[in-house]
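Student: Sequence:
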Amino acid sequence: MSNFLMKPKIDFAFKEVMMNENARVGFLSAVLKLKPADVKKTQILNTYLRKEHEDDKQGILDVRVSLNNDTEIDIEIQLSELRVWADRSLFYLSKMYTEQIKPGQAYNIFKRCVSISILNFDLFQGQKDFYSCFHIREDTRNFLYTDKMEFHVIELTKLPQELKDDSSDILLWAKFINAEREEEFDMLATKNTYIKSAYDTLQVISQDNEKRMEYEAREKAIRDYNQGLLEAEERGWSAGEKVGIEKGIETGEYQKAIQIAKNMLAKNFDFDLTAEISGLSVAQIEQLSKEEKIL
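Residue 2 is where the sequence shown starts when you use the working numbering, and the numbers rise one by one after that.
Mixed in with the good hints, there may be bad ones.
Stated by the list, open to error - Result set (DMTMM-like, lysine to aspartate or glutamate): computed pairs, CA atoms no more than 25 Å apart in a straight line: (1) LYS16 to ASP273; (2) LYS165 to ASP123; (3) LYS129 to ASP170; (4) LYS221 to ASP123.
Since the hints were made in silico from the structure, they are not lab data. Just so you know, these numbers come straight off a predicted model, no measurement behind them.
Taking the hints into account, I'd like the entire structure generated from these sequences.
Tutor: Spelled out as C-alpha cells, the structure:
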C-alpha cells in the first residue's frame, strides 16, 4: 500500500491533482505559455463524466477551469484511440462558448474558451512533435480572426525518451502525466516546483483508501472498454477473414466450373450434359457458348 502511486493519465487521478491550486496554476501556465505570476485566479468549475451514449461504460471525465475570470478551459484525457477527436473537441468547445450567452445579452460578454486534450494515441499522423496549438487564423497572412477559441493537444505517444537540461515546462508536465514509476516522479519533482506540488498531492491521494477504490474502479472501466474494443476488432478481422476465404473458395470453384464447361463445349458436348457435369446452369452454358464463339 505505501508504495502504490496512481497514474496521472488515468483521468480520475489527474482530476484529483488539479484540485491542488498550485499544481493547477503550474500546469495551466505551462500549457498556455503564461508566467505563473500572471495567473491571478483559477477555479474548478466542474469535473464531469461526459458520456457519448446512454450505454457508454467509459465516458470521458473532463475538468473545467476558470482562469483569471476571462477564460474558460476544458481539460480532457483520452487513453484509447478516437479518430474523430478533433471534431469532438470542436463540438464541445463550441458548445461551451455558446452556453455563455443568454437571450437579450450582448455579444461582448463572451470569454475566451480553451480546449486542452491529453491523448494517449497519435492524432496527427506524420507529425513528430508531441504538442500542438491551434487558433482560427487567416490562411495566407496568418493573422487571428478571433482569440476566443484555441485548442491545445498533447500526444503522450510522441514524448521524447530523454529530457534535456533546457526541456520546456510543458514537456515536464507531459512526462509527469505519462509517468508510472516512483523514480520518474522523483526526478520530475526536482525540475519544477509546481510538479513537486502535483506529486505531493498524488502521493496523498494514492494513500486514501476511498479515493484508491474510485481510482481502481475508473481504471477498470477504461481497461474493460479498451478490451471490448480490441475484442470487437479481432472479431471483425476474424469474420472478414472467414468471408474472404469463403469468397476465395467460391471464386476458385466457379473458375474451375467455367474451365470444365469450356473444355466440354470445345468437344461439342450438348448444353444439358455440360451443365450437369460442370455445375453451371444451362443459361450460363448458353452464354458461355456465345462468348466462346465471339472469341
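Student: Compare the structure with each hint and give your call.
Tutor: Checked hints:
1. Distance restraint check for LYS16 and ASP273: the Cα-Cα separation of roughly 77 Å exceeds the 25 Å cut-off, and the hinted pair is therefore not satisfied.
2. Taking the CA atoms of LYS165 and ASP123, the gap is near 23 Å; set against the 25 Å cutoff, the hint holds.
3. Restraint check for LYS129 and ASP170: the C-alpha separation of about 18 Å stays at or below 25 Å, so the hint holds.
4. Distance restraint check for LYS221 and ASP123: the Cα-Cα separation of roughly 23 Å lies within the 25 Å cut-off, and the hinted pair is therefore satisfied.
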